[in-house]
Amino acid sequence: MKYPIGIQSFDKLIEDGFLYIDKTDLVYRLTHEGNIYFLSRPRRFGKSLLVSTLKNYYLGRKELFRGLKIDALEKDWKVYPVFHIDFNSTNFTIRRTLWQKLNALIGDWEEKYEVRIPEEGLDLGDRFISVLEAAHKRTGLRAVVLVDEYDKPILDVLDVDKSLEEEHRNILKGFYSVFKGADEHLQFVLLTGVTKFSQVSVFSGFNQPDDISMSRDYETLCGITTEEMEAYLNEEIMEMAGEYGYSYDEMKSRLKAQYDGYHFSDKMTDVYNPFSMLNVMKSKRMNDYWFKSGTPTYLLRLLAHWDENMDEITGRYYAPEEFIDYKATVEKPLPMIYQSGYLTIKDFDMRRNKFLIDYPNNEVKKGFLSLVAAGYFNTRESVGSWIDDAVSQLEEGRLDDFREGLTSFLASIPYTMRRKENERERERYFHYTFYLIMRLISVYTVYTEKVQSCGRVDCIVETPDYVYIFEFKLDGTAEEALHQIEERGYAGEYAADKRKVYKVGASFSSETGTIAEFEVR
Numbered sequence: 004m005k006y007p008i009g010i011q012s013f014d015k016l017i018e019d020g021f022l023y024i025d026k027t028d029l030v031y032r033l034t035h036e037g038n039i040y041f042l043s044r045p046r047r048f049g050k051s052l053l054v055s056t057l058k059n060y061y062l063g064r065k066e067l068f069r070g071l072k073i074d075a076l077e078k079d080w081k082v083y084p085v086f087h088i089d090f091n092s093t094n095f096t097i098r099r100t101l102w103q104k105l106n107a108l109i110g111d112w113e114e115k116y117e118v119r120i121p122e123e124g125l126d127l128g129d130r131f132i133s134v135l136e137a138a139h140k141r142t143g144l145r146a147v148v149l150v151d152e153y154d155k156p157i158l159d160v161l162d163v164d165k166s167l168e169e170e171h172r173n174i175l176k177g178f179y180s181v182f183k184g185a186d187e188h189l190q191f192v193l194l195t196g197v198t199k200f201s202q203v204s205v206f207s208g209f210n211q212p213d214d215i216s217m218s219r220d221y222e223t224l225c226g227i228t229t230e231e232m233e234a235y236l237n238e239e240i241m242e243m244a245g246e247y248g249y250s251y252d253e254m255k256s257r258l259k260a261q262y263d264g265y266h267f268s269d270k271m272t273d274v275y276n277p278f279s280m281l282n283v284m285k286s287k288r289m290n291d292y293w294f295k296s297g298t299p300t301y302l303l304r305l306l307a308h309w310d311e312n313m314d315e316i317t318g319r320y321y322a323p324e325e326f327i328d329y330k331a332t333v334e335k336p337l338p339m340i341y342q343s344g345y346l347t348i349k350d351f352d353m354r355r356n357k358f359l360i361d362y363p364n365n366e367v368k369k370g371f372l373s374l375v376a377a378g379y380f381n382t383r384e385s386v387g388s389w390i391d392d393a394v395s396q397l398e399e400g401r402l403d404d405f406r407e408g409l410t411s412f413l414a415s416i417p418y419t420m421r422r423k424e425n426e427r428e429r430e431r432y433f434h435y436t437f438y439l440i441m442r443l444i445s446v447y448t449v450y451t452e453k454v455q456s457c458g459r460v461d462c463i464v465e466t467p468d469y470v471y472i473f474e475f476k477l478d479g480t481a482e483e484a485l486h487q488i489e490e491r492g493y494a495g496e497y498a499a500d501k502r503k504v505y506k507v508g509a510s511f512s513s514e515t516g517t518i519a520e521f522e523v524r
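When we follow the working numbering, the leftmost residue of the sequence shown carries the number 4, and every step to the right adds one.
The hints are simulated quantities; they were obtained by calculation from the structure and are not laboratory data. The structure displayed is predicted, hence computed values, not measured ones. Hints may be right or wrong, so weigh each one.
Stated by the list, open to error - Within a straight-line C-alpha distance of at most 20 Å, the following computed EDC-like cross-link-like pairs (lysine to aspartate or glutamate) qualify:
| # | residue 1 | residue 2 |
| --- | --- | --- |
| 1 | Lys357 | Asp404 |
| 2 | Lys65 | Glu136 |
| 3 | Lys140 | Glu168 |
| 4 | Lys506 | Glu399 |
| 5 | Lys270 | Asp291 |
| 6 | Lys5 | Glu325 |
What the hints assert, rightly or not - Distance ranges between label pairs, derived from CB positions:
| # | residue 1 | residue 2 | range |
| --- | --- | --- | --- |
| 7 | Leu359 | Thr229 | 18 to 28 Å |
| 8 | Lys15 | Gly248 | 30 to 40 Å |
| 9 | Lys115 | Glu238 | 42 to 52 Å |
| 10 | Glu482 | Arg288 | 51 to 61 Å |
Cβ coordinates follow ideal geometry from the N, Cα and C atoms, glycine included.
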C-alpha cells in the first residue's frame, strides 16, 4: 500500500494510487449546508488535503471521485470559478511579503478574467471583489474561495515584531472584508488554520463564518477514526502485532494509547493523529512522528516567557470561551496550546457546559512535557535520557538505582532554578517538579493519579511486575510519608494483586533541592 505522507494534493493522491480514507460524504454535506466556514485543526492534520479535495470537487473533476461516497450523492457536477489561497509555503517575517503575495495572486486573476483596474487604483479587497464579480458574470456561477492556513501571516511574526503583526492584521482584515462586500458572488468559502483570531479583529470586516471546529457533524472531517483505522489499516495492524509479539487487540490498544485521544466536539468521537498513524503503518514502528516533525516556532516563543505550570492548567474543566477563542497573552497560554494540538477535550460536562482539557495521547504528552521540563529544569542532564533510565529501573524493581538516579537528576538542576525564597513558591516548585517527573514516567508505564476513598495518593506507578506507591514530603521525613501511606490505606486496593507492591516514602529538601530521605517498605 502507498501511504500519502506529506501529500496534500487530492488529485495526485487519487491518480497515483495512494491510500485515501474516504470523507467525501462529509465534503458533500459541508458544501450543501452552508457557504462560509472556518475550520481549526492542529498542523499536519489534513487541512490542506481537505482544501484540495474541495478545490477538485468544485472544479467538477468527477473522474477523481469515481467510486467514492460522493459519487453516489452528487448528480450535477458543475465547474465553478475557484480561488485558492495557500499561505503554507511562504515566510511572512519579511515586511511587505504578505501584500506582495496577495497582490500577485489578484494580478493573475485580474488577467485571467480581464478585469481592468482604474487608474487611481484600488486596495486589495476591492480588487478581489471586482475579480469575483467578473468570474461570476463570465461563468454564470458564483465563486469558491479556499484559504489554507489563513493565520500563518500572523503566527509567523507573533511575539516577534509587533508592528509587522499589526500590519498583517490590517491587510488580512481588509482582504477578508470581500466576503461581506461580494456576498452575492460567492458560492462557498472555507478558511482553515490553527488558531481562531476572533478577538483580534481579523474577522471583524466580514460576515462571521460558521465555525465548525467543534461541530458534532464535522468532528471527523480531518484525522482518522477508530472505525476508519480498522476498515483501511486492519492488515497492517495485524502485521505489526506479529512483529511486536502482541495480540491483535493489544496492538490496537497500544496504538490507541500512543496516537488516539483527540476529540473535536462534545460528542467525544475518538480521532487518531493522521500523520503519525500513516508513518506507523509505513514503517511498522511506533515512534513520535508528529511531535518530532517540529514544534511551531510561535508556540516556543510563547512558552519561553510564560509563568504558568502545566499541572495548573491540565486536568481541569473549562468553559468553551476559555480555550476555543484565541487571545494572545503570555499569562493565558491555554488557547494556543489547545488549538496547536498539544491538549484536547477529554470529557464533557453537559450540565455545566464545561470541557475537561488534558493531553490527547502518550506521543504528545511525552514530547510536550519533555520540552517543558527541559526549559523548566534547565538541567545539565538530558531529561529524556534520565527518564529512559528511570523507567527501566522501575520495570526491573531496581529501587536503589532509581533513588540514586532521581537524587542525581534533581541535584543537577541549577541553584537559580530551584531556589525559592517565598514559601508558596517553594511549595509550587516542589509540586511541579514531581508532577513533571511522574507525568513523564507515566508515558512508559501503566500510571494513574488515583483518588481513593481514603484520600489522594501522590503517585502510583504500575508496571507488569511491580506496583509503586509514592508519597513525597517537602522538608519532612520519609517516615512521615510512609506513615501516611499506611494510615490512609493507599495499598488496600492491591491486596489481592499478584504483583509486588512497594511503598515509597521520600522527603525533598528545599535547601539542597534534592532527595533528603528515601525509604521503602
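Numbers of the earlier hints that this structure fails to satisfy, in rising order: Checked against the structure, the hints that fail are numbers 1, 2, 3, 5, 6 and 10, while the rest are satisfied.
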